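Novice: Here the protein sequences line up with chains A and B, keeping their order. Quick note: the first sequence uses UniProt numbering, first residue 1, plus one each step. Quick note: the second sequence uses UniProt numbering, first residue 1, plus one each step.
Some clues are possibly wrong.
What the hints assert, rightly or not - Okay, the calculated beta carbon distance ranges per label pair: (1) Ala249(A) to Thr282(B): 35 to 43 Å; (2) Gly524(B) to Ala249(A): 51 to 59 Å; (3) Leu74(B) to Asp134(A): 42 to 50 Å; (4) Ile325(B) to Asp159(A): 26 to 34 Å; (5) Ala377(B) to Ser194(A): 28 to 36 Å; (6) Val270(B) to Glu66(A): 34 to 42 Å.
Said to hold, decoys possible - Pulled a few chain B residues facing chain A out of the computed Cβ check, cut under 7 Å: (7) Pro471; (8) Ile476; (9) Lys484; (10) Ile499.
These aren't lab readings, by the way, just hints derived from the structure by calculation. Here the structure is a predicted model, which means the values were calculated and not measured. We treat Cβ as the ideally placed atom computed from N, Cα and C, and that holds for glycine.
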Amino acid sequence: MTDTQMDRSGRSFSRRKFLAATGAVGAAAIAGCTENTGNGGNERVVVTGSSTVFPVSDRLAEEFMEQNDGISVTTDSTGTGGGFNNNFCPGDSDINGASRPIKDAEVQDCSDSGVDPIEFQVGKDAVTMAVHNDSPIDCVTYDELAQIWSEGGAETWSDVNSDWPDEEIVRFGPPSTSGTFDWFNTNVIGDAGSHVTQYEKTENDNELVQGISSTQNAIGYFGYAYYRENQDALKALEIRETEDDECTAPSIDAAQSGAYPMARPLYIYVNKEALQQDAVYDFVEFYINQSSTDVISDVGYVPVSEEQAQSNLDKLESEAN
Amino acid sequence: MATDQQTGTWYGTGEAVSRVRGQAFKTLCLSATLLALLSVFVLLLYVANDAFQPLSADTGWLLVTIGTVVVPSLAAVGYYYTRDTRAGETATIALGLPIVSLLLTGGVFITFEHVVSVYQWLSILVSLAVAGGIVYAHSRVRTEADLERLVVVVAVPALALWFIPKLILSLPMLPTQSIALLGSFVVPVAVVVGLFVRRQRENDRDGVIAAVLTLVGAAAGFGVAPVVGITPFVWMLLVTVTAVPVSLYVESVIRRGAGVSGLAFPLIVVGGIVASAVLTDTLGFAGPTPWLDWGFLTNVPSRTPEDAGFYPPLVGSVMMLLIIIISAFPVGVGAALYLEEYAPQRGRWGRLVDLIEVNIGNLAGVPSVVYGVLGLALFIRAGGLGSGTALVGGFTVGLLILPIVIISSQEAISAVPDSMRQASYGMGATKWQTTRNVVLPEALPGIMTGNILAMGRAIGETAPLLIIGAPAVVRIAPNSFTNKFSAMPRQIYTWSGEIDAAFRHGVLAAGVVTLLVVLLLMNGAAILIRNKYQRRE
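Please put together the full structure from these sequences, using the hints given.
Specialist: See below:
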């Protein structure tokens with residue numbers, strides 16, 4: 001106990017000296033004046049965005065901060081769309097994680113406020129369609145999924161396939177601010193239908209897992225990392241795009257090889273202007289370097305290839321200048 | 001007569017039904033109470049079990065601990081309860097006070113470490129002293145100029161706070177921070193202690209002795225602290241914030257001579273803990289591996305559950321509370337004073353005031369998430385303050401508790417008997433003098449109680465913080481009000497969404513227990529202040 005304290009005050013001494021130097025401004029602020037103290041001495045990087053990318057960003061932030069003393073990287077999980085609309089485009093955050101490519105409307109929104117997003121792919125995720133452990137269903141096609149998840153589609157399981165139980169479908173999924181929602185809506189349901197609006201929605205993927213594992217006729221989808229951590233509690237459906245394809249279970253390997261159809265790229269978007277700050281540039285560089293390593297697969301996603309990481313680095317360098 | 005029509009019997013006698021009905025209602029109420037208490041208790045037990053994991057310890061460890069700590073404590077409690085209630089009261093305070101003071105010491109440490117550096121504090125004190133001197137001199141030289149004095153009273157401190165700290169902090173040589181702390185913190189505390197003891201004992205010499213003892217005890221840190229392995233800085237804080245209140249309390253108990261045996265209780269508890277530690281160590285029993293330990297309180301959040309800590313959110317919560325104290329409380333108490341003392345009671349304006357008061361009551365019930373959106377629109381989008389900073393968090397949550405502050409302060413002020421006001425007027429005092437000298441001092445304990453309870457509400461608010469963009473994870477404790485910050489409930493919410501189950505069960509529970517302890521202590525302080533106030537009447 002005393003060791004920690006010694007440590008702390010020893011470390012903080014230089015900081016306090018620094019504060020003493022810049023203290024005039026701080027004291028003025030305490031005196032009730034509205035002078036802006038800027039960043040207060042810390043270099044900072046603000047990361048927001050997809051809850052799917054959050055575990056990667058958070059882990060890399062921790063490792064980055066261990067190597068770079070004094071840089072504060074804060075991470076937040078706001079959902080892809082939520083992050084673009086509320087944080088990234090208004091200029092409040094430097095980096096936004098995304099589990100789908102940025103939309104045109106969002107690019108427009110960003111450029112209206114002078115933010116120029118640069119895209120880097122940092123991994124791949126296998127979107128996992130999970131059901132209750134006792135469910136008799138093992139494999140579904142895109143067509144069946146579209147029936148289950150479209151507005152005005154199936155109400156009971158037997159509506160989709162007569163072999164399945166005559167029970168009402170209980171749906172759990174991410175809200176419409178989520179990139180997972182957008183990806184699923186665009187790529188699986190497609191232009192033909194629209195995503196059902198009446199379902200249990202939450203940005204907290206643990207609640208999805210909890211809900212599906214405790215509801216007999218439930219189905220829901222979320223990132224693979226959350227399934228991998230809860231393999232005993234849930235059953236992941238094997239997926240095939242059409243009747244003629246092979247049924248494939250979600251896994252990092254299957255997503256990497258392309259055998260698993262519901263694999264989607266994960267991105268980070270960086271504010272071009274923010275790259276002029278050394279802290280942001282260094283963190284993005286670190287992020288890209290790590291995106292081809294085991295760090296990504298430890299979290300539960302597919303790393304990008306060495307070549308892709310290299311081309312990302314080239315892109316970073318050219319954009320920053 | 002009326003009773004004749006009732007044929008001389010009481011209504012209800014002979015009707016067993018009415019008694020059954022009454023009994024049934026009583027039982028129903030009792031079971032409602034029990035259900036409420038039991039469900040809260042079970043929840044707390046569940047969380048505490050997750051946070052401390054007592055069952056992960058060896059059976060031997062548990063037995064030894066029960067034998068040395070739990071049994072003697074329970075025996076002492078039983079003794080106090082049945083034989084000596086006065087000592088029981090002493091025992092409660094004697095155990096609680098050191099814990100509260102230790103936590104307060106932590107709070108002061110965090111404040112000096114991250115919010116106001118010792119040098120800033122010193123310079124603020126110096127400027128206030130200079131300003132006070134000028135104001136005093138002015139009142140001596142120009143005794144008649146009331147309006148001019150008002151200007152001086154407002155302007156001089158503001159100017160002093162503006163210029164003097166800059167001057168001091170730009171000095172090339174400053175004393176070491178321990179010496180600065182001695183001068184700027186220990187000396188004022190010693191003076192206050194001296195004055196307090198002098199008033200208590202009505203004896204000048206005792207006051208001087210107490211002040212000197214405090215000063216010497218703190219200054220001893222320069223020699224003793226390195227020997228026991230802490231810095232003089234921490235030693236001085238421990239002496240002034242922990243040791244001083246505890247010894248003052250012990251002294252007052254001994255002086256009054258009532259319930260002195262209660263002072264033994266903390267010794268029994270601490271002695272039991274030490275004995276248990278020594279015994280289990282020699283016998284080789286492994287203790288539990290709790291999630292909530294010293295490391296949890298001093299580490300930063302991490303992806304590894306075992307390393308995860310709570311320090312930056314703790315600092316963030318302290319900073320947010322400071323902002324609330326200096327922004328929402330003066331505004332709220334001021335509004336309450338106006339509404340109670342000055343606002344028109346009758347006529348058209350009186351009805352308008354009534355309407356405003358009703359709406360303040362309604363505002364207290366507006367969901368916190370709405371205040372979050374308000375804070376986002378007002379302070380971040382319109383006001384241009386950075387998103388997710390302690391400043392914005394404090395302002396937003398301050399807005400949220402403002403109605404509560406106003407209402408509770410209003411109640412405290414209206415509880416001051418009108419006869420006291422009339423007596424003051426009768427002696428020729430003006431409205432302002434009455435408010436300042438009679439109403440405010442009398443209402444202050446009630447206002448304090450209400451404000452502390454409001455702070456308890458503020459420290460647990462999560463939704464507004466989510467909306468104003470307080471980040472999920474902050475790994476460097478903020479050292480400025482314009483840095484991104486995280487607060488305790490915000491961090492707990494983050495842990496609830498982690499993939500790894502160890503976060504959701506162990507680390508989260510430790511965070512919840514920490515937050516609950518802080519909350520309980522704050523509410524306990526509010527109750528203590530209220531009781532003291534009631535007893536005086």
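Novice: Compare the structure with each hint and give your call.
Specialist: Each hint tested on the structure:
For the pair Ala249(A) and Thr282(B), the beta carbons lie near 55 Å from each other, so the given range of 35 to 43 Å is not met. Separated by about 55 Å at the C-beta atoms, Gly524(B) and Ala249(A) satisfy the suggested range of 51 to 59 Å. One distance hint, 42 to 50 Å for the beta-carbon pair Leu74(B) and Asp134(A), holds here, with the actual separation near 48 Å. Distance hint check: the CB atoms of Ile325(B) and Asp159(A) are about 60 Å apart, inconsistent with the given range 26 to 34 Å.
In this structure, Ala377(B) and Ser194(A) meet the distance hint of 28 to 36 Å, their C-beta atoms being roughly 31 Å apart. For the hinted restraint 34 to 42 Å between Val270(B) and Glu66(A), the CB-CB distance of approximately 38 Å keeps it satisfied. The closest approach between the C-beta of Pro471(B) and any C-beta of chain A is roughly 4 Å, which is under the 7 Å cut-off, so the hint is satisfied. Taking 7 Å as the C-beta cut-off, the interface hint given for Ile476(B) holds, the closest approach to chain A being about 4 Å.
For Lys484(B), the suggested interface contact is upheld, since its CB lies about 5 Å from the closest CB of chain A, less than 7 Å. Because the closest C-beta pair between Ile499(B) and chain A is about 5 Å apart, less than 7 Å, the hint holds.
Comparing the model with each earlier hint shows violations of hints 1, 4; every other hint is respected.
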